[in-house]
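Peer 1: Chains as they are written, first to last, in our numbering: chain A, 1 to 115; chain B, 1 to 114.
These are calculated hints, taken from the structure and not from any lab test.
All values reported here derive from a predicted model rather than from experimental measurement.
Wrong hints could be hidden among the right ones.
Listed next, the in silico BS3-like pairs over lysine-lysine satisfying Cα-Cα at most 25 Å (straight line) [what the hints assert, rightly or not]:
| hint | chain 1 | residue 1 | chain 2 | residue 2 |
| --- | --- | --- | --- | --- |
| 1 | B | K57 | A | K102 |
| 2 | B | K44 | A | K102 |
| 3 | A | K38 | B | K9 |
| 4 | A | K110 | B | K9 |
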Amino acid sequence: AQKVTQAQTEISVVEKEDVTLDCVYETRDTTYYLFWYKQPPSGELVFLIRRNSFDEQNEISGRYSWNFQKSTSSFNFTITASQVVDSAVYFCALSEALGFNKFYFGSGTKLNVKP
Amino acid sequence: NAGVTQTPKFRILKIGQSMTLQCTQDMNHNYMYWYRQDPGMGLKLIYYSVGAGITDKGEVPNGYNVSRSTTEDFPLRLELAAPSQTSVYFCASSSPRGPTYEQYFGPGTRLTVT
Chain A
1 AQKVTQAQTE
11 ISVVEKEDVT
21 LDCVYETRDT
31 TYYLFWYKQP
41 PSGELVFLIR
51 RNSFDEQNEI
61 SGRYSWNFQK
71 STSSFNFTIT
81 ASQVVDSAVY
91 FCALSEALGF
101 NKFYFGSGTK
111 LNVKP
Chain B
1 NAGVTQTPKF
11 RILKIGQSMT
21 LQCTQDMNHN
31 YMYWYRQDPG
41 MGLKLIYYSV
51 GAGITDKGEV
61 PNGYNVSRST
71 TEDFPLRLEL
81 AAPSQTSVYF
91 CASSSPRGPT
101 YEQYFGPGTR
111 LTVT
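The shape of chain A in the complex, shown without the other chains (with noise of 0.2 Å):
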C-alpha cells in the first residue's frame, strides 16, 4: 500500500534560518512519482516540485532544495534562509506511475517563521 510519513507536525523558526521539512513514503511499485505542494494561509495548493523514482538527483530552486534518497524511501524538502512568506502548511504527496495518477498525501508540516 502506497503511504506517506510527516513526522514533523508544527516547525518554528526565525527568519534566516535554514529548515528541512521530512517526507518519508512507502510504496511496492518500482515507478512512481513524488511531490511537494505549499498550502499558504490562504488555503490554494501551490505546486513545487515533481521527481521520479528514476532521478535521484538533488534539485535547488533558489532557496529551496530537495533531497530525494531511495535507500531512506525519503524525499527531504530544504528551505535555507526562511522568509516570513514561507510560512505555510507543506505536503509531500505519492503518486502511483501506472493506473491514475492517484495521489497519496501526507498529513503536512505547518512552518511559522517568525520575523
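Guided by the hints, dock chain B onto chain A, whose structure is given.
Peer 2: Just chain B now, with coordinates in the frame of chain A:
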C-alpha cells in the same frame, strides 16, 4: 486559462440537506479528482474520474456521489449531509501527457454542516 474553478467558496448546510459542489477545468485534462481536507490533516481522495462517463471510488467515498458527463465538469454530490462532512473540499485535474504530471487544484470549497 482559468485552470480549475470551484463553486461555491463557502457553504453552510443543515444536517440532512443535500448539495452539489461544482468543479470545472478548462485545460482539457482527462483525469479529475475530489479530495477533502479536515482541519490539520492532509488530503483524502473521495472520488476520481479518468474521463467522461468513468468514475471510481477513492479512500473516503461514503456519503458522496459523482458524475462526469463532460471532460470539463466533475460535480460532487452530498446526500443527507452529516457533521462529519464538515471539511474543505478540493477538486483537482491532471493530464499524464503534461510536462510535469502534477495535479492542478481548485481554490477549495469550505463546507460546514450544523
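Peer 1: Hint by hint, note whether the structure agrees.
Peer 2: Here is how each hint holds up against the structure:
For a cut-off of 25 Å, the pair hint linking B:K57 to A:K102 stands: about 11 Å separates their Cα positions. Proximity of B:K44 to A:K102 is assessed by CA-CA distance (about 11 Å); at most 25 Å being required, the pair is judged to hold. At most 25 Å may separate the alpha-carbon atoms for a hinted pair to count; A:K38 and B:K9 meet this at roughly 20 Å. With a CA separation close to 23 Å, the supplied pair A:K110 and B:K9 stays within the 25 Å bound.
Going down the numbered hints, you'll see the structure goes against none, and every one checks out.
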